[in-house]
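Given chain A, put chains B and C in place with the hints provided.
Residue numbers (numbering that gives the first Met the number 0), protein chains in the order written: chain A, 0 to 124; chain B, 0 to 433; chain C, 0 to 491.
These are calculated hints, taken from the structure and not from any lab test. Treat the hints with caution; some may be incorrect.
As the list claims (entries may be wrong) - Some chain C residues well away from chain A (every beta-carbon gap over 10 angstroms; in silico):
id : residue
1  : 36
2  : 203
3  : 235
4  : 378
5  : 398
6  : 460
7  : 469
8  : 479
9  : 482
What the hints assert, rightly or not - Heads up, simulated EDC-like pairs for lysine to aspartate or glutamate below, C-alpha to C-alpha not over 20 angstroms straight-line:
id : chain 1 : residue 1 : chain 2 : residue 2
10 : C       : 88        : B       : 48
11 : C       : 88        : C       : 72
12 : A       : 62        : C       : 171
13 : A       : 62        : C       : 427
14 : A       : 62        : B       : 49
15 : A       : 62        : C       : 477
16 : A       : 62        : A       : 13
17 : A       : 62        : A       : 87
18 : A       : 62        : A       : 36
19 : C       : 88        : B       : 49
20 : A       : 62        : C       : 428
Don't be surprised by glycine CBs; every beta carbon is placed ideally from N, CA and C.
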Amino acid sequence: MAEEFPQDLGYTAEHEWYRAADGAVGITAHAQAALGDVVYVELPAVGARVVAGTPCGTVESVKSVSEIYAPVSGVVVAVNAELAAAPELVNQDPYGRGFMLRLRAEGDPAPLLSAPEYRALVGGH
Amino acid sequence: MAGGYLPDTPADRQRMLQRLGLRSVDDLFAEIPPALLLAEAPELGPGLDEQALARRMGALAEANTGARLVCFAGGGYYDRYIPAAERALLSRGEFLTAYTPYQPEVSQGTLQVTFEFQTMISELVGLPVATAGLYDGSTALAEAALLARAATGRGTVAHAPGVHPQWLEVLRTYAAGPGLAVAPLERMGDPQDVAAVLIQQPDYFGRVVDVRALLASRPAGALGIVAVNPAVLGVLEAPGAQGADLVVAEGQPIGLPLSYGGPYLGLMAARTELLRRLPGRICGQSSDGSGRRAYVLTLQAREQHIRRARATSNVCTNQALCALGVTIYLALLGPQGLRRLGELCFARAHYLAGRLAAIPRLGLAFPHDPFFDEFALTVPDAAAAVRALAARGYLVGPAVDGRTLLVAVTERRDRADLDGLVAAFGEVAGGAGV
Amino acid sequence: MPASEAEPLLFEQSAPGRIGYHLPPVDVPQALAPGDALPAAWLRQRPPALPEVSELQVVRHFTRLSRRNIGIDTSPYPLGSCTMKYNPKINDEAAGLPGFAGLHPYAPAELAQGALELLWGLEQGLCALTGMAGFSLQPAAGAHGELAGMLICAAYHRQRGDGARRRVVVPDSAHGTNPASAAMAGFDVVEIPSGPRGGLDLRALRAVADSRLGALMLTNPNTLGLFEEDVLEAAATVHAAGGLLYYDGANLNAIVGRARPADMGFDICHLNLHKTFSTPHGMGGPGAGPVGVRADLLPLLPGPRLRRADLPGEPRARLEWEAAGPRSIGRIRALHGNFGVLVRAYAYLLAYGGGLREVSGDAVLAANYLLELLRPVLPPKVERRCMHEFVADGRALASVGLRGLDLCKALLDRGFHAPTMYFPLIVEEALMFEPTETEPREAVEALAAAVLEIVAQAGREPERVRQAPTTTPVGRVDEATAARRPVLRWPG
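Isolated chain A (complex conformation):
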């Protein structure tokens, strides 16, 4: 894994990340490690409205299912079509090719954790 806590991202306590530069959303390296092998990602439809802190999709491993909580409110402008055939990208490259969707943020910016704050939250592992 190239980098566990990229500095240019905002994080949530539920282990999602958000890149303001292009609106990309995904789950963190910590999250994918805890989940194990990701087998399926359920994503919202393009055009759907999402609300910060509420579920907008799910990520499945063999033995578990977790909600993906929207880090910011906005509209879904794209979903990662590669994940349908290769959900393992979430494990291999969670901040890059394993991104899940892109949002056009709307409303007041949500308070996200910085990389050092998130690192402290998960114990810096």
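Using the frame of chain A, we list chains B and C on its own:
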């Protein structure tokens, strides 16, 4: 104790209690509030040794005189001959006493059977994905309706005439949970709120219906669900090839004994897009670390033990042993055998229907509708006819109303049985009792 | 030990023209063919690709497949929560008697009196054991019984004009079918945390015991194998709030013949006949999950139900089916239930009679004995008297470099089925053991010895244990690929 299967002797118990530092087995229950502990066992009889038990069960079985009648009863459940090879294989302890295959390394027998079963059902009904099975046809239909609601977000399922009345009752019971409306096709209400159209083939009265036309006329966006008798699928077209999105079925007619209503087997198969909404277990192919082909329960994230309140259904235990029975039956029959089974029952049923319709005071309830191996017969008094024929050694039915009853013909009813039933009906119709 | 030779799929052994079972010939004159009576478009265009094999090939194939399995008949199955006790063969024989197996479900009641007597007797027996006033034997499985129970609960509140009670509470240790069944019945599910002693947290319950409470679902003993010490308090709390108390009967084997759910305050229950009542698991079913209720809820049970009809001149009153009344939730399945399973459960009940009390005694004794034998390497998660099962803390294995999963796989190599892994979800690295009352003392000791031996081996060569199983027909299966790229039928 007269009977039972407890292996430990008082000496064994003493040893175990000593290790635990206890004096008696009752000490193990000290945490239970005394008010809740029964002073003695409930009144359930003395217990029986195996011979006494066999006698008692034998007497109960003997009291079922209905099992000794020549069976022409139908209504969705048929007197199929179960080949001896199937019965022998089902009694093997490694099948009968095995658990759900959650440890695949020691369950490849179970899992490969399930994979073969799923393949056969997929082939039979003409849809790519089949599950490992559900409880029975009626609950499979109910689950399919709930699936349609979840998949479309719509609030009504509309059913064609002739869906099995008990299956509709079950559907209504299940529909009460999410508040799903169940309506006949002609009263479906707003077509844009129809989640699915339900069709039964052949229908409850034995009639072969135009599945393709019924599916084609369904509202846009509604799923087409066909409940089919799988025993006809060697002769009739597969519903998947006729446009069905989801097929459910009762598996009893393809290799399970009547057994007064169960255990039976629900079948379900679907288009690939519906895969992740399917209820119950599904088996998939994979490999182990050495590259050996291995089968395993898969897509478990749909199920209750992982998704809990948001699972596609609550199904845990299914009818796996019955699925094995059906797999063996279909394997013995093969495609040629399944076709011949259908043709044999078809030919005999039409011969019988012709002869019965010729008896004065009797007639076919739907003389212009094609049927397969079961038909509805009009009689002056259906309940009286069932009783009168039983007294002559024949079981017919069920009665569908005061003047109509169903007659089904299987491969177990030979020419002598058919002619005997005709003669019995002749006596009964000629007399005052019908 | 299961057989290691791989067995090809039956489709891979198929050859055109082979048939395994010969049907009788068509024997009616002027036999009508489907093609003569039905439109061609309605007929099958392409035959289904079922295998074409001989009877010997079928027998050999499935016999070989059976040898790639284990079952209670071959191996101990200490699966917590499953109650894998011996399945008596006389029960299978009884279920196969022609008077049962050959009885059509639409046979009129007067021609099925043996079957109806059996169903009546079974219902009475279940009432005596649970204290409930009546059961429906329709549900085909425990989860099916739970669904019926939850629908009864919803109907009860609706009929009292209390339809706003949309909430069902379950402990976080609950089996997944509990919240799933409640959700299917239209309820919102709230999970409450368990307390420090592993049981229900009364404070957490009181926080949700309000006018929205439809029901609390409990099992007792709970999924940790511990008796719910506060069950009477919980019942009082739930009832005072206007809710119903539901009993998940999965763990009845711990108390059968010694305590009754109705006495604890439960209003509705289901039982698992394939657990407590010895009916065979059959690789995952069929089972049966009768749903029982206290007296004032009887009208809500699925119908039809049995009724004794006193007929003048009959030495013994006849049994008949009586249609459900207007308050019933309706049928939960077609016909009468998994009758063949019910026959087996009834035979089991007759064999023991009141002696069922010894079943719970020996089941709890065996579990406690196993717990003590395992304690040196695998301590229990909660230090309390366990009942018929207990949860061991698999994190203790970390000291020899193992996870719970590794121990389970290593047990497979030694001829045992593994305990239940990772359930209940609230215990990390949970391993739940339930030996049952039909394992003789030496079998319990052998299981404990195997666990100790695995731990000892891990101390010397952990990597070998982590590769287990190595003597089973296949090793650990790639479940990720199976889920990512599903292949669900042949050909792939």
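Each hint, compared with the structure:
1. 36: 47 angstroms, holds
2. 203: Holds, because the least Cβ-Cβ distance between residue 203(C) and chain A comes to about 22 angstroms, which exceeds 10 angstroms.
3. 235: Given a closest Cβ separation of 36 angstroms, the condition holds.
4. 378: Residue 378(C) is indeed farther than 10 angstroms from all Cβ atoms of chain A, at 25 angstroms.
5. 398: 21 angstroms, holds
6. 460: At about 26 angstroms from chain A, residue 460(C) clears the 10 angstroms cut-off, so the statement holds.
7. 469: 22 angstroms, holds
8. 479: 4 angstroms, violated
9. 482: 4 angstroms, violated
10. 88(C) to 48(B): 13 angstroms, holds
11. 88(C) to 72(C): 10 angstroms, holds
12. 62(A) to 171(C): 17 angstroms, holds
13. 62(A) to 427(C): At roughly 14 angstroms apart (the allowed maximum being 20 angstroms), residue 427(C) and residue 62(A) satisfy the hint.
14. 62(A) to 49(B): Violated, because 44 angstroms separates the two Cα atoms, which is more than 20 angstroms.
15. 62(A) to 477(C): 13 angstroms, holds
16. 62(A) to 13(A): 19 angstroms, holds
17. 62(A) to 87(A): 15 angstroms, holds
18. 62(A) to 36(A): 9 angstroms, holds
19. 88(C) to 49(B): 10 angstroms, holds
20. 62(A) to 428(C): Between residue 62(A) and residue 428(C) the Cα gap is close to 13 angstroms, so the pair holds against 20 angstroms.
Consistency note: the structure conflicts with the earlier hints numbered 8, 9, 14.
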